[in-house]
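There are 2 protein chains.
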Amino acid sequence: MLSLGGDTMKTALTAALAAILVGCAAVPAATAAPKDEAEIKALIERWRTAFQKKDVDGVMAIYGDGKDFVAYDIVPPLAYVGGPAYRKDYEEFFGAFDGPLGLEIKDPQVVAGDTVAYAYMLEHLTGTMKGGGKTDLWLRSTETYRKIGGKWVATHDHVSVPTDMASGKAVLDLKP
Amino acid sequence: MLSLGGDTMKTALTAALAAILVGCAAVPAATAAPKDEAEIKALIERWRTAFQKKDVDGVMAIYGDGKDFVAYDIVPPLAYVGGPAYRKDYEEFFGAFDGPLGLEIKDPQVVAGDTVAYAYMLEHLTGTMKGGGKTDLWLRSTETYRKIGGKWVATHDHVSVPTDMASGKAVLDLKP
Chain A
1 MLSLGGDTMK TALTAALAAI LVGCAAVPAA TAAPKDEAEI KALIERWRTA FQKKDVDGVM
61 AIYGDGKDFV AYDIVPPLAY VGGPAYRKDY EEFFGAFDGP LGLEIKDPQV VAGDTVAYAY
121 MLEHLTGTMK GGGKTDLWLR STETYRKIGG KWVATHDHVS VPTDMASGKA VLDLKP
Chain B
177 MLSLGGDTMK TALTAALAAI LVGCAAVPAA TAAPKDEAEI KALIERWRTA FQKKDVDGVM
237 AIYGDGKDFV AYDIVPPLAY VGGPAYRKDY EEFFGAFDGP LGLEIKDPQV VAGDTVAYAY
297 MLEHLTGTMK GGGKTDLWLR STETYRKIGG KWVATHDHVS VPTDMASGKA VLDLKP
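In order, the protein sequence lines correspond to chains A and B. Number 136 in our numbering belongs to position 136 of the first sequence; there are no gaps in the numbering. Heads up: take any position in the second sequence, counting from 1, add 176, and you land on our numbering.
Since the hints were derived computationally from the structure, they do not count as laboratory data. It is possible that some hints are incorrect.
Said to hold, decoys possible - Here are the simulated BS3-like pairs of lysine-lysine, each with C-alpha atoms no more than 27 Å apart in a straight line:
no., chain 1, residue 1, chain 2, residue 2
1, A, Lys169, B, Lys310
2, B, Lys351, A, Lys169
3, B, Lys345, A, Lys134
4, B, Lys345, A, Lys106
What the hints assert, rightly or not - Just so you have them, the derived chain A footprint on chain B, three or more residues with Cβ under 8 Å:
no., stretch
5, 245-255
6, 322-332
Claimed, not checked - Pairwise CB distance ranges, derived in the manner of DEER restraints:
no., chain 1, residue 1, chain 2, residue 2, range
7, B, Glu267, A, Met121, 24 to 34 Å
8, A, Arg46, B, Thr302, 35 to 45 Å
9, A, Lys53, B, Thr302, 38 to 48 Å
10, A, Val81, B, Glu280, 42 to 52 Å
11, B, Arg222, A, Ala166, 23 to 33 Å
12, A, Pro100, B, Lys264, 32 to 42 Å
13, B, Pro210, A, Val81, 16 to 26 Å
C-beta: ideal position from N, C-alpha, C; glycine also.
Working from the sequences, and respecting the hints, build out all of it.
Here it is, written out as structure tokens:
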């Protein structure tokens with residue numbers, strides 16, 4: 001296979017080793033985080049657009065097959081296990097509102113490694129409920145991701161408001 | 177530097193390339209996830225032990241320098257920014273209780289990549305408040321991590337209970 005002469009081979013070997021060592025060394029450090037973080041920000045933006053339109057299929061697209069997905073949502077129960085349970089949660093939530101929703105995201109923080117990532121952000125939710133009541137509150141949202149088949153997929157959601165422990169009430173009027 | 181003859185060098189080059197390519201190929205696949213996940217489970221267990229003893233220094237040890245840390249805690253405000261703010265939150269929380277706390281963790285899910293990881297779990301908190309009231313509730317906890325200087329550090333916490341949106345009350349009596 002290899003048919004180079006001695007000196008040429010020395011040069012080739014040195015060059016090959018240098019190139020490969022640079023390549024190897026680059027793997028742990030340069031996990032293409034800016035590209036991955038941009039991909040995750042785009043994923044969040046697709047989710048946000050779908051959420052505002054109450055488009056359940058569009059929203060669910062970020063969760064892949066949802067097989068190992070678990071959500072801790074703002075509403076009970078403690079946990080939604082699996083994509084289908086979370087889809088039902090979205091359907092019930094969207095069904096409670098008239099017309100589109102507003103969802104603004106404040107300064108999302110996205111951190112990506114090679115195959116695992118997370119994001120957290122404050123979200124401003126606005127809308128009109130079917131009974132006529134207005135919803136206007138700030139939520140905390142944490143979302144985690146895995147890269148599966150070269151594509152980032154959301155694997156866990158945690159959405160909440162704080163609780164006033166003295167009164168047992170959810171604190172729905174906080175602003176960042 | 178290299179002083180091998182032609183044939184010997186061919187063999188050496190082939191062997192070196194093979195060894196290096198195997199090494200390179202192994203980097204993305206084998207991110208030592210089981211080892212990393214075990215390290216993170218040990219971190220959570222150290223935190224749990226310190227939490228039960230109301231040992232603020234022990235608790236804070238998992239957050240490294242806390243420089244980029246942000247927590248969404250069960251109590252207001254929406255966010256605690258930086259380690260010192262979160263330490264104060266822990267101090268106030270621990271100060272509200274007489275004696276040690278109980279904290280049981282149900283089935284923590286830990287997912288680790290090369291330098292980024294996350295965990296989520298349900299936590300059963302029990303204790304006696306200074307006024308004599310008993311605390312006995314299940315929380316949802318999500319925590320994210322980065323590997324910094326070869327060591328896993330917690331970078332973000334999200335702790336909550338669900339909210340009953342009709343009554344505006346926190347739902348404190350759920351069980352998994």
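Status of the hints after comparison with the structure:
Between A/Lys169 and B/Lys310 the CA atoms are separated by roughly 17 Å; this keeps the pair inside 27 Å, and the hint holds. With a C-alpha separation of about 19 Å, the suggested pair B/Lys351 and A/Lys169 falls inside the 27 Å cut-off, and the hint holds. Of the pairs offered as hints, the one joining B/Lys345 and A/Lys134 holds, with about 17 Å between alpha carbons and a cut-off of 27 Å not exceeded. The hinted pair formed by B/Lys345 and A/Lys106 meets the criterion: a straight-line CA distance of about 25 Å does not exceed 27 Å.
Beta-carbon proximity to chain A at under 8 Å applies to 9 residues in the stretch 245-255 of chain B; the threshold of 3 is reached and the given coverage holds. With a threshold of 8 Å between beta carbons, the proposed coverage of the stretch 322-332 of chain B by chain A holds, since 3 of its residues qualify and at least three are required. A hinted range of 24 to 34 Å for the beta carbons of B/Glu267 and A/Met121 is consistent with their spacing of about 27 Å. One distance hint, 35 to 45 Å for the beta-carbon pair A/Arg46 and B/Thr302, holds here, with the actual separation near 42 Å.
Hint check: A/Lys53 to B/Thr302, Cβ distance near 44 Å, so the stated range 38 to 48 Å holds. A hinted range of 42 to 52 Å is violated for the C-beta pair A/Val81 and B/Glu280, which are about 20 Å apart. With their beta carbons about 31 Å apart, B/Arg222 and A/Ala166 fall inside the hinted range of 23 to 33 Å. For the hinted restraint 32 to 42 Å between A/Pro100 and B/Lys264, the CB-CB distance of approximately 40 Å keeps it satisfied.
Our hint of 16 to 26 Å for B/Pro210 and A/Val81 holds, since their Cβ atoms are close to 24 Å apart.
Violated hint: 10 only; the structure is consistent with all others.
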